[in-house]
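Peer 1: Chain by chain, the residues run as shown.
There are 2 protein chains.
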Amino acid sequence: MKTLKEKILSEGEVHEGNILKVDSFLNHQIDIPFLKEIGREFYSRYKEDNINKILTIESSGIAIGSMVAQEFGCPLVFAKKSITKNIAGDIYLTPVESFTHGSTYGVIVSKCFLGKDDRVLIVDDFLANGNALNGLISIVKESGAELVGCGTVIEKGFQGGGDQLRKKGVRVESLAIIESMNSESGEIVFRD
Amino acid sequence: MKTLKEKILSEGEVHEGNILKVDSFLNHQIDIPFLKEIGREFYSRYKEDNINKILTIESSGIAIGSMVAQEFGCPLVFAKKSITKNIAGDIYLTPVESFTHGSTYGVIVSKCFLGKDDRVLIVDDFLANGNALNGLISIVKESGAELVGCGTVIEKGFQGGGDQLRKKGVRVESLAIIESMNSESGEIVFRD
Numbered sequence: 001m002k003t004l005k006e007k008i009l010s011e012g013e014v015h016e017g018n019i020l021k022v023d024s025f026l027n028h029q030i031d032i033p034f035l036k037e038i039g040r041e042f043y044s045r046y047k048e049d050n051i052n053k054i055l056t057i058e059s060s061g062i063a064i065g066s067m068v069a070q071e072f073g074c075p076l077v078f079a080k081k082s083i084t085k086n087i088a089g090d091i092y093l094t095p096v097e098s099f100t101h102g103s104t105y106g107v108i109v110s111k112c113f114l115g116k117d118d119r120v121l122i123v124d125d126f127l128a129n130g131n132a133l134n135g136l137i138s139i140v141k142e143s144g145a146e147l148v149g150c151g152t153v154i155e156k157g158f159q160g161g162g163d164q165l166r167k168k169g170v171r172v173e174s175l176a177i178i179e180s181m182n183s184e185s186g187e188i189v190f191r192d
Numbered sequence: 001m002k003t004l005k006e007k008i009l010s011e012g013e014v015h016e017g018n019i020l021k022v023d024s025f026l027n028h029q030i031d032i033p034f035l036k037e038i039g040r041e042f043y044s045r046y047k048e049d050n051i052n053k054i055l056t057i058e059s060s061g062i063a064i065g066s067m068v069a070q071e072f073g074c075p076l077v078f079a080k081k082s083i084t085k086n087i088a089g090d091i092y093l094t095p096v097e098s099f100t101h102g103s104t105y106g107v108i109v110s111k112c113f114l115g116k117d118d119r120v121l122i123v124d125d126f127l128a129n130g131n132a133l134n135g136l137i138s139i140v141k142e143s144g145a146e147l148v149g150c151g152t153v154i155e156k157g158f159q160g161g162g163d164q165l166r167k168k169g170v171r172v173e174s175l176a177i178i179e180s181m182n183s184e185s186g187e188i189v190f191r192d
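Chains as they are written, first to last, in the working numbering: chain A, 1 to 192; chain B, 1 to 192.
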């Protein structure tokens, strides 16, 4: 998506430790008119697939999920991250390792909101190692819902999570795939 | 807002400890077409006020904030919650007490994204004691931005936070105000 790549080049900041900061439009301040375009782009890629539920994970997936769900006219479910295991009710729970925080957290979805009648598109802001997506995928499978595919805004291709998923046969659509980036020069190279 | 009150009556569950569960459309599964109506309602109430930024707090404010920001055609900023005080960079940070979790957390907004040129509408899903809103308001004041008002979807009127803010002169628009609710009978009474 050309406008996204331009925005990453003009507003993104490359930091040490494979961090791309896009706080000005995606993670903290959110450029909603631009996110609407992103929602439309995912819709155009998945519109033939009878999707009836969007699944994402708190927090930074929620705004994207909202704009995508709007295009499909369907509900959004956001998975919650728990620190404690002290959760009541009938839930799907899967552990996910966080590289950013160096810890493991539980990803939770209530069983009421995901089941065998659902055709699910998973969306998120970033795809790096793929741990969060893998956690969401395992919840979709456990629920009996049909996983149609994944949509991520920025994929850090060099971290390999996206390609591993594709090898497993999961459809992954990323709107910008970064092949390499350099925190010293600030250079960002996209995959074509 | 009539459709909201109907939805609370048909889908909301009253639990002990003043808890109203609206997980099916507002907090976990999100009814995006309905949230679009909510966005339009806030727009109709604040459209004369030259708002150029929507501020909310993660996580459950983000979907609402996105739909409101869409109506105003402006950016959304979501405040982040920190557990530790170990945060880098130029930030506004204010402590907020959580009644739900019985702890204090930091509410954080990067200084880049809020300043004296902003006319801010704060939005959130719930207003109970008003602690989260008070935290966001103090950040808006510290930033030099103009606080135009607050918009909350559901106000638990009996917990008093909304009326305290109104007494201080803050404009607070809540789309449904609950006067009382009963966890045994499940009864919910709205303020007129």
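Where hints are given, some of them may not hold.
When chains are identical, the list treats them as one kind, so a pair holds in a single copy or across two.
Said to hold, decoys possible - Below, simulated DSSO-like cross-link-like pairs (lysine-lysine); rule was C-alpha separation at most 27 angstroms, straight line:
1. K167 to K7
2. K21 to K111
3. K111 to K7
4. K141 to K7
5. K111 to K36
6. K7 to K168
7. K111 to K168
8. K21 to K168
These are computed hints drawn from the structure, not numbers from a lab.
Keep in mind it's a predicted model, so treat the numbers as computed, not measured.
Peer 1: Can you tell me if K111 and K7 fall within 27 angstroms by alpha carbon in one copy, between copies, both or neither?
Peer 2: Result: close only across copies, 21 angstroms inter versus 38 angstroms intra.
Peer 1: Given identical chains, is K21 near K168, meaning Cα to Cα at most 27 angstroms, within a copy, between copies, both, or neither?
Peer 2: neither (29 angstroms within a copy, 38 angstroms between copies)
Peer 1: My question is about K111 and K168: at a cut-off of 27 angstroms on alpha-carbon distance, are they close within one copy, between copies, both, or neither?
Peer 2: The answer is within: 26 angstroms in one copy meets 27 angstroms, while 43 angstroms across copies does not.
Peer 1: From the Cα coordinates, with 27 angstroms as the cut-off, is the pair K21 and K111 best called within, between, both, or neither?
Peer 2: between (34 angstroms within a copy, 15 angstroms between copies)
Peer 1: Give the relationship of K7 and K168 under a CA distance limit of 27 angstroms: within one copy only, between copies only, both, or neither.
Peer 2: neither (31 angstroms within a copy, 41 angstroms between copies)
Peer 1: Checking an output row: K141 and K7, CA cutoff 27 angstroms. Within, between, both or neither?
Peer 2: For K141 and K7, the Cα distance exceeds 27 angstroms both inside one copy (35 angstroms) and across copies (30 angstroms).
Peer 1: When Cα atoms must be at most 27 angstroms apart, do K167 and K7 count as within-copy, between-copy, both, or neither?
Peer 2: neither (29 angstroms within a copy, 44 angstroms between copies)
Peer 1: How would you label the pair K111, K36 (within, between, both, or neither) given a Cα cut-off of 27 angstroms?
Peer 2: between (29 angstroms within a copy, 25 angstroms between copies)
Taken one by one, the earlier hints fail for this structure at numbers 1, 4, 6, 8, listed in ascending order.
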